[in-house]
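Spelled out, the chains give:
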Amino acid sequence: MEEMVFEIKRTDENGNMKTQSYNVPKDKVSTVLEALLYIKENLDHSLSFRYSCRMEICGSCAMEINGKPHMACSTTTDSLKGQKVTVAPLKHFKVIRDLAVDIDGFLEKYRAVKPYVIRDDDGKYDSEILQTPEQFHEYLDYSLCIKCGICMAACPIEGSDPNYLGPAPLAAAWRYIADNRDQGKKYRLEIVSGEEGTSRCHFAGECTEACPKGVDPSFAIQKLRSSMVGLEFQRLFRRR
Amino acid sequence: MEKIREDVLILGGGMAGLRAAIAAAEYNPGVSVGLVSKLYPLRSHSVSAEGGTSAVLNPKDSFDLHAFDTIKGSDYLGDQDAIEEFVRLVPEQIYTTDHWGCPWSRNPDGTISQRDFGALSFPRATFAADKTGFHVMQTLFSRALKYDIHFYNEYFATKLILADGKPNAVTTINLRNGEFTVFQGKSIIFAMGGAGRLYQFATYAHSVTGDGDAIAYRAGIPLKDMEFIQFHPTGLVPSGILITEAARAEGGYLLDKDGKRFMGTYAPHKFETASRDVVSRAIMWEIEAGRGAKGEYGDMDYVFLDLRHIADKLDERLPMITDIAKKFNGIDAHNELIPVHPATHYTMGGIDSNVKTTTSIPGIYAAGENACVSIHGANRLGSNSTNECLALGNVAGKAAAEYAVSHSFPELDMKQIEEEEKHIWEDMLRRDGGENVAKIREDLRINMDKNVGVFRTEAPLQNSLKNIAALKERYQKITIEDKSSTFNLELEWAFEVGFMLDLAEIITLGALQRKESRGAHYRRDFPDRDDKNFMMHTIATYSDNGPILTYRPVVVTKWQPTVRSY
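If you read the protein sequences in the order shown, they are chains A and B.
Quick note on numbering: the first sequence equals residues 1 to 240 in the numbering used here.
Quick note on numbering: the second sequence equals residues 1 to 566 in the numbering used here.
Hints were generated in silico from the structure; no laboratory data involved.
Incorrect hints may appear among the rest.
Below 27 Å or equal to it, Euclidean Cα-Cα: the simulated DSSO-like pairs (lysine-lysine) are [stated by the list, open to error]:
| no. | chain 1 | residue 1 | chain 2 | residue 2 |
| --- | --- | --- | --- | --- |
| 1 | B | K326 | A | K68 |
| 2 | B | K450 | A | K124 |
| 3 | A | K84 | B | K327 |
| 4 | B | K3 | A | K81 |
| 5 | B | K398 | A | K124 |
| 6 | B | K260 | A | K84 |
| 7 | A | K28 | B | K439 |
| 8 | B | K327 | A | K68 |
| 9 | B | K422 | A | K186 |
| 10 | B | K450 | A | K28 |
| 11 | A | K18 | B | K483 |
| 12 | B | K3 | B | K327 |
| 13 | A | K213 | B | K450 |
| 14 | B | K326 | A | K114 |
| 15 | A | K213 | B | K327 |
| 16 | B | K146 | A | K185 |
| 17 | A | K18 | A | K94 |
| 18 | A | K94 | B | K483 |
| 19 | A | K223 | B | K146 |
| 20 | A | K91 | B | K327 |
| 21 | B | K146 | A | K26 |
| 22 | B | K398 | A | K114 |
| 23 | A | K9 | A | K213 |
| 24 | A | K26 | B | K327 |
| 25 | B | K558 | B | K270 |
| 26 | B | K326 | A | K213 |
| 27 | A | K9 | B | K270 |
| 28 | A | K9 | B | K483 |
| 29 | B | K260 | B | K356 |
| 30 | A | K28 | A | K68 |
Where chain B lies over chain A, by a calculated footprint (3+ residues, C-beta under 8 Å) [as the list claims (entries may be wrong)]:
| no. | stretch |
| --- | --- |
| 31 | 55-61 |
| 32 | 88-101 |
One side of the interface only, derived from the structure: several residues of chain A facing chain B at Cβ under 8 Å [to be verified]:
| no. | residue |
| --- | --- |
| 33 | K28 |
| 34 | E41 |
| 35 | S48 |
| 36 | S74 |
| 37 | R111 |
| 38 | R119 |
| 39 | E128 |
| 40 | I129 |
Even for Gly, the Cβ is constructed at its ideal location relative to N, Cα and C.
Using the sequences and the hints given, assemble the complete structure.
Structure below.
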């Protein structure tokens, strides 16, 4: 029977690391997540990782596969070249155990950009707020983020400056600014124009390339920057 | 042992739990709100809901029509008073989530768009492309971040402790460090979702293991109508990933292996958009008659979903399933057929509750799939789950906050709590009979698929009971090899399997005793609906000797049962 070798970078609860290899029959699994489940159920009960929906929408199972960040559930074994697959936890996150990493800091950064609609009339919900299909498409693509953390692992700045807000939170800031129902632009621009905001980005574009859902954080950051320039002009104008 | 107190304690971070948390926080900022989940909220199965959520928004539609569609869909097992109240609560939730940023799909004039769905008499499915659950969840989670809601992520609940008939505590394991953590709430909301992973071929996330149902049941809170398990007609073969009903509502066809449409035989008016129970049975009958396709995906026969003639709609209205077909099966839905087979999709049953979300225990509430109101009766309509999470999550949050204001924390029942702590570390972790938890789980799922599936008959149901009893024996002899206190998934699995075994017994027993066919419960040996004897809810109550089943009449307001056809 044809087998694939999964070489997994493991970390125990005390922080001790090792690499362990498992042979998985190829016809028993069709994705990397299925392979991890196969290993846990049959070969090694102690392997730890996160997973839930297995349809690339809940964001649980982001990890490094053959050196790049991917969702384990939607990485098919057919798409992997060769018999050997390396699996490691996401870069730039602290490892809890094996492939499970600490995402709390990431979610705090997300929260910091006020990722919700801000309105003066909050609390009055008797009809919808009109939104033309054009207005709708202004922000839709940025709303597809599943908070998997892949862009944070792909971003070179995140590696050197862990306080940098990072691609997903900045894309979320733009997602709400670009939504015509929102009135919170000035608050968000203030946050993202800070020291750890958009100015850190070098537009390497790794985030956009890595995103499994087609979100373009790099472009969102450009949009934020040009909005900030507009805001600066307004301030200058007002001063006169 | 860590002890944490929150005025309102919410179990589950999916759509109902998040909606309840926001409602409780808004009701009274002085009330502390804690949300406990075995996942992070955004990892909950609610994000997988796809096609839409029914709401009466159009003046040409009416509450009576939505109510009647729901009642007919329920095969007259839904409580009509609850349904009438429920449909009136929904529109406000659509507008509320719109103001909070949900990208509801739009008409050219900027108003919220609606589309057809299975068994609807008016196109009232409000949708966010085919990612409705995902977008509503992002909206709720983000909105929740505005408030001081305390999220307890990755705490696995093991037991509800009642003392003197009142809520006392919920015991959990903090998965991050293995710490036994005891939560207290003045009021507690169960919003832990359904039980669909009792089955092998399921649209469900791996995490949907019926924890909430089982925990409530073991504490003495009855479950209702558990034998009614919904099989969605179009689970993608071989993974079971959901292919939304919207694909058919937008015009997609079901085809047999020869490319022939067959739904006209079973639903001469609605064809592919009949109710889910009807379409799932039709597919199974076609497969049984040898008209299913086979070969490419292991042992499972299947039929085809054809979207080629609506290819122009896919990118705007069905982008996710188009992407899924491509990513998981390498199929281009624009010009290729998608292999589908009925898959376990929804648990109509749940904690015996009502439209006020109360349960048999004052101070304990239930909402979402974890609850059985009953709105859905014997068969939930597509587009009637996320609206329930929103509307009744909101009701539960307010009610629980109101209750918390006028009640105080009881003294912790340390005796029961210490027993549970011992049970985890000295019983579960130290059992050493060599049985593999994952293998028991697999055997349970195979049993449920085979014996308690779309079609049911006396003998296989009896077999199922025997198999479950044997699995319970094996369960006493498990060995959890992973002894780590950090992120011990195997220990979590062990608890989940225990929960699932209890629920499997209730489901099978309910199915065995219900000698009729109604909605999703189809008995080959009793193919007709029997309103005289079975227009009744099944109520399952815990006893040490197994579930005790009793029956309670359905509430009828103005719709008398008639022949149901689509």
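These are the hints, each one checked on the structure:
With a C-alpha separation of about 21 Å, the suggested pair K326(B) and K68(A) falls inside the 27 Å cut-off, and the hint holds. Between K450(B) and K124(A) the CA atoms are separated by roughly 51 Å; this puts the pair beyond 27 Å, and the hint is violated. With a CA separation close to 21 Å, the supplied pair K84(A) and K327(B) stays within the 27 Å bound. Taken as a hint, the K3(B) and K81(A) pair is broken in the structure, with Cα atoms around 50 Å apart against an allowance of 27 Å.
With a C-alpha separation of about 17 Å, the suggested pair K398(B) and K124(A) falls inside the 27 Å cut-off, and the hint holds. As the CA atoms of K260(B) and K84(A) are separated by approximately 43 Å, the hinted pair breaks the 27 Å bound. For a cut-off of 27 Å, the pair hint linking K28(A) to K439(B) stands: about 15 Å separates their Cα positions. About 18 Å separates the Cα atoms of K327(B) and K68(A), which keeps this hinted pair within 27 Å; it holds.
With a C-alpha separation of about 54 Å, the suggested pairing of K422(B) with K186(A) is violated against the 27 Å cut-off. With a CA separation close to 21 Å, the supplied pair K450(B) and K28(A) stays within the 27 Å bound. Distance check on the hinted pair: K18(A) and K483(B) sit about 18 Å apart at the alpha-carbon level, within 27 Å; holds. At roughly 45 Å between alpha-carbon atoms, K3(B) and K327(B) are farther apart than 27 Å, so this suggested pair is violated.
Annotation: proposed proximity of K213(A) to K450(B) is violated, straight-line Cα distance about 36 Å (limit 27 Å). With a C-alpha separation of about 35 Å, the suggested pair K326(B) and K114(A) falls outside the 27 Å cut-off, and the hint is violated. Distance restraint check for K213(A) and K327(B): the Cα-Cα separation of roughly 12 Å lies within the 27 Å cut-off, and the hinted pair is therefore satisfied. The straight-line distance between the Cα atoms of K146(B) and K185(A) is roughly 16 Å, inside the 27 Å bound, and the hint therefore holds.
At roughly 16 Å between alpha-carbon atoms, K18(A) and K94(A) fall within 27 Å of each other, so this suggested pair holds. For the proposed pair K94(A) and K483(B), the alpha carbon gap of about 22 Å is at most 27 Å, so the pair holds. Of the pairs offered as hints, the one joining K223(A) and K146(B) holds, with about 25 Å between alpha carbons and a cut-off of 27 Å not exceeded. As the CA atoms of K91(A) and K327(B) are separated by approximately 24 Å, the hinted pair is consistent with the 27 Å bound.
Distance hint between K146(B) and K26(A) is unfulfilled; the C-alpha atoms sit about 47 Å from each other, more than 27 Å. Taking the CA atoms of K398(B) and K114(A), the gap is near 25 Å; set against the 27 Å cutoff, the hint holds. Of the supplied pair hints, the one linking K9(A) and K213(A) holds, its CA atoms being roughly 26 Å apart against a limit of 27 Å. Only pairs whose Cα atoms come within 27 Å are accepted, and K26(A) paired with K327(B) is accepted, the gap being roughly 18 Å.
Among the hinted pairs, K558(B) with K270(B) is consistent with the structure: their alpha-carbon atoms are about 24 Å apart, no more than 27 Å. Our distance criterion of 27 Å between C-alpha atoms is met by K326(B) and K213(A), whose separation comes to about 13 Å. Taking the CA atoms of K9(A) and K270(B), the gap is near 53 Å; set against the 27 Å cutoff, the hint is violated. For the suggested pair K9(A) and K483(B), the alpha carbons sit about 19 Å apart, so the restraint of at most 27 Å is met.
Between K260(B) and K356(B) the alpha-carbon distance is near 47 Å, which puts this suggested pair outside the 27 Å criterion. A hinted pair counts as satisfied when its Cα atoms are at most 27 Å apart, and K28(A) with K68(A) qualifies at roughly 24 Å. Residue count for the stretch 55-61 of chain A with a Cβ under 8 Å from a Cβ of chain B: 6. That meets the three needed, and the coverage hint holds. Under the rule that three or more residues need a Cβ within less than 8 Å of chain B, the assignment of the stretch 88-101 of chain A holds, with 4 such residues.
Taking 8 Å as the C-beta contact cut-off toward chain B, the hint placing K28(A) at the interface is violated, the least distance being around 11 Å. Contact between E41(A) and chain B, as hinted, is supported at the beta carbon level, the nearest pair being about 4 Å apart and thus within 8 Å. Residue-level restraint check for S48(A) holds (minimum Cβ-Cβ distance to chain B is 5 Å; threshold 8 Å). Taking 8 Å as the C-beta cut-off, the interface hint given for S74(A) holds, the closest approach to chain B being about 5 Å.
A cut of 8 Å between beta carbons decides the hint on R111(A): the least distance to chain B is about 5 Å, and the hint holds. Annotation: interface hint on R119(A) holds; nearest CB of chain B at approximately 7 Å, less than 8 Å. Given the 8 Å rule on beta carbons, the hint for E128(A) holds: about 5 Å separates it from the nearest Cβ of chain B. Taking 8 Å as the C-beta contact cut-off toward chain B, the hint placing I129(A) at the interface holds, the least distance being around 6 Å.
The structure fails hints 2, 4, 6, 9, 12, 13, 14, 21, 27, 29, 33 (numbered hints given earlier, in ascending order).
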